[in-house]
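Participant: Straight run, no breaks: the sequence shown in the numbering used here ends on number 370.
It is possible that some hints are incorrect.
What the hints assert, rightly or not - Below, a list of computed lysine to any residue pairs in the SDA-like style, where the Cα atoms sit at most 20 Å apart:
id: 1; residue 1: LYS194; residue 2: GLN208
id: 2; residue 1: LYS274; residue 2: GLY319
id: 3; residue 1: LYS351; residue 2: LYS274
id: 4; residue 1: LYS274; residue 2: ASN114
As the list claims (entries may be wrong) - Listed next, with one range per pair, are the computed distances between beta-carbon atoms:
id: 5; residue 1: GLU104; residue 2: LEU130; range: 17 to 27 Å
id: 6; residue 1: ARG77; residue 2: PRO250; range: 20 to 30 Å
id: 7; residue 1: ALA116; residue 2: ARG364; range: 33 to 43 Å
id: 8; residue 1: ARG232; residue 2: THR356; range: 22 to 32 Å
id: 9; residue 1: VAL112; residue 2: SER360; range: 35 to 45 Å
id: 10; residue 1: GLN197; residue 2: PRO123; range: 12 to 22 Å
id: 11; residue 1: ALA352; residue 2: ALA74; range: 47 to 57 Å
id: 12; residue 1: ARG329; residue 2: GLU370; range: 23 to 33 Å
id: 13; residue 1: LEU233; residue 2: ALA116; range: 44 to 54 Å
id: 14; residue 1: ASP245; residue 2: PRO123; range: 18 to 28 Å
id: 15; residue 1: GLU281; residue 2: THR331; range: 41 to 51 Å
Hints in this document: simulated from the structure, not taken from any laboratory. Predicted model, so just to flag it, every value in this text is computed and none were measured. No residue lacks a Cβ here, since even glycine has one placed at the ideal position from N, Cα and C.
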Amino acid sequence: MASQSSPGCTVSRRAVVGLTLALPVLVTGIRASAQTALRRIGILAQDLQPGLLETLRDELARLGHVEGRTLSIEVRNAAGRAERLPGLVAELLQLKVEVIVAVNTPAAQAARKATTMTPIVIMRVADPIGQGLVKSLTRPEGNVTGVSFMPDELGAKGVQILHEVMPNLTQIAALYQGDNPGARLVVTETERRARLLGLRFLHLPIRDPAELPGVFQTAVRAHVEGLFVMDDGAMTKLRRQITEQAARHNLPVVSIYRDLVEAGGLIAYGPSLTAVYRRGAGYVDRILRGARPTDLPVELPTQFDLAINLKTAKALGLTIPPSVLLRADHVIE
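Construct the entire structure; sequences and hints are all you get.
Facilitator: Spelled out as structure tokens, the structure:
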């Protein structure tokens, strides 16, 4: 006589079979859940600066947001073409990023124009109040906050230091990206301060790298004795071409960031970019943890660096006064 299975055994076998069939679905669901657990942020830049991503990643990881484990970073770089920014920010919004990190004024303006809801963290943006990005530094009253600077903090100080090195200086020129409103603000303030020193001032805006040789010819014909470079992302990308042209025409170059000095410029004075990017990562961290941009005051840089290239000074026949050397944070020999 064939034995009959007990009702309890039958249920148990069915449960085992059901569980076996359901297991792949459960595993897939767990994987999908893990993927959706990643927080997503976007980085928007007119021209991505060297070291930005590495510094942001490192600082975000230190704050507990590790790319690939808890965080996904979507990078959109316009590669110097400001007209691409609206399309790139639209891509980030379509991806539903939780925060947009906007680097430089054109990127910040494109992001702000595209959304009033997604939080925007700005970095390397001149005068965010004047640009219409925030109502005030202490209470932004919108979806924009971050680390900014005021135009009078930047180029004017570098030009003043150049004047200490070259007390007989009579005329300087400013080389800058013509379609960057933040660059124009800084150059305008630099001109105002230069004229207080008794210097004549020539504007040299460019929109295409191919214009560089012609711009230097213009400077030489005008008897320019020094060049201030407003080194936003686009100018930083051209640092080798700029310093080579300057050396060819025996022109000392003053910039804001150290990249140009390391490439052969003479003097750089400006905020520490590493510190700025780390502070920017701090804003992203606080927003991902629930803070609202309107409650986060815009910060101004507190750490400024002076860099001097003594090799370039020697090639130009210039002697850096001890009073200037003593203030230098970085000296390239």
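Participant: Each hint: holds or not?
Facilitator: So, going through the hints one by one against the coordinates:
Pair hint LYS194 plus GLN208 holds up; C-alpha atoms about 16 Å apart against a cutoff of 20 Å. Proximity of LYS274 to GLY319 is assessed by CA-CA distance (about 26 Å); at most 20 Å being required, the pair is judged violated. This hinted pair does not check out: LYS351 and LYS274 have alpha carbons roughly 25 Å apart, beyond 20 Å. About 13 Å separates the Cα atoms of LYS274 and ASN114, which keeps this hinted pair within 20 Å; it holds.
A C-beta distance of roughly 20 Å is found between GLU104 and LEU130, which places it inside the suggested range of 17 to 27 Å. For the pair ARG77 and PRO250, the beta carbons lie near 43 Å from each other, so the given range of 20 to 30 Å is not met. At roughly 36 Å, the beta carbons of ALA116 and ARG364 sit within the given window of 33 to 43 Å. The supplied range of 22 to 32 Å is met by ARG232 and THR356, whose beta-carbon atoms lie about 26 Å from each other.
Between VAL112 and SER360, the C-beta spacing of about 43 Å keeps the proposed range 35 to 45 Å intact. Between GLN197 and PRO123 the beta carbons are some 38 Å apart, a value that contradicts the proposed interval 12 to 22 Å. One distance hint, 47 to 57 Å for the beta-carbon pair ALA352 and ALA74, holds here, with the actual separation near 56 Å. Checked against the given bound of 23 to 33 Å, the beta carbons of ARG329 and GLU370, roughly 48 Å apart, lie outside it.
Separated by about 37 Å at the C-beta atoms, LEU233 and ALA116 break the suggested range of 44 to 54 Å. For the pair ASP245 and PRO123, the supplied restraint of 18 to 28 Å holds, since their beta-carbon distance comes to about 20 Å. Between GLU281 and THR331 the C-beta distance comes to about 46 Å, which sits within the given range of 41 to 51 Å.
In this structure, the earlier hints numbered 2, 3, 6, 10, 12, 13 are contradicted, and the remaining ones agree with it.
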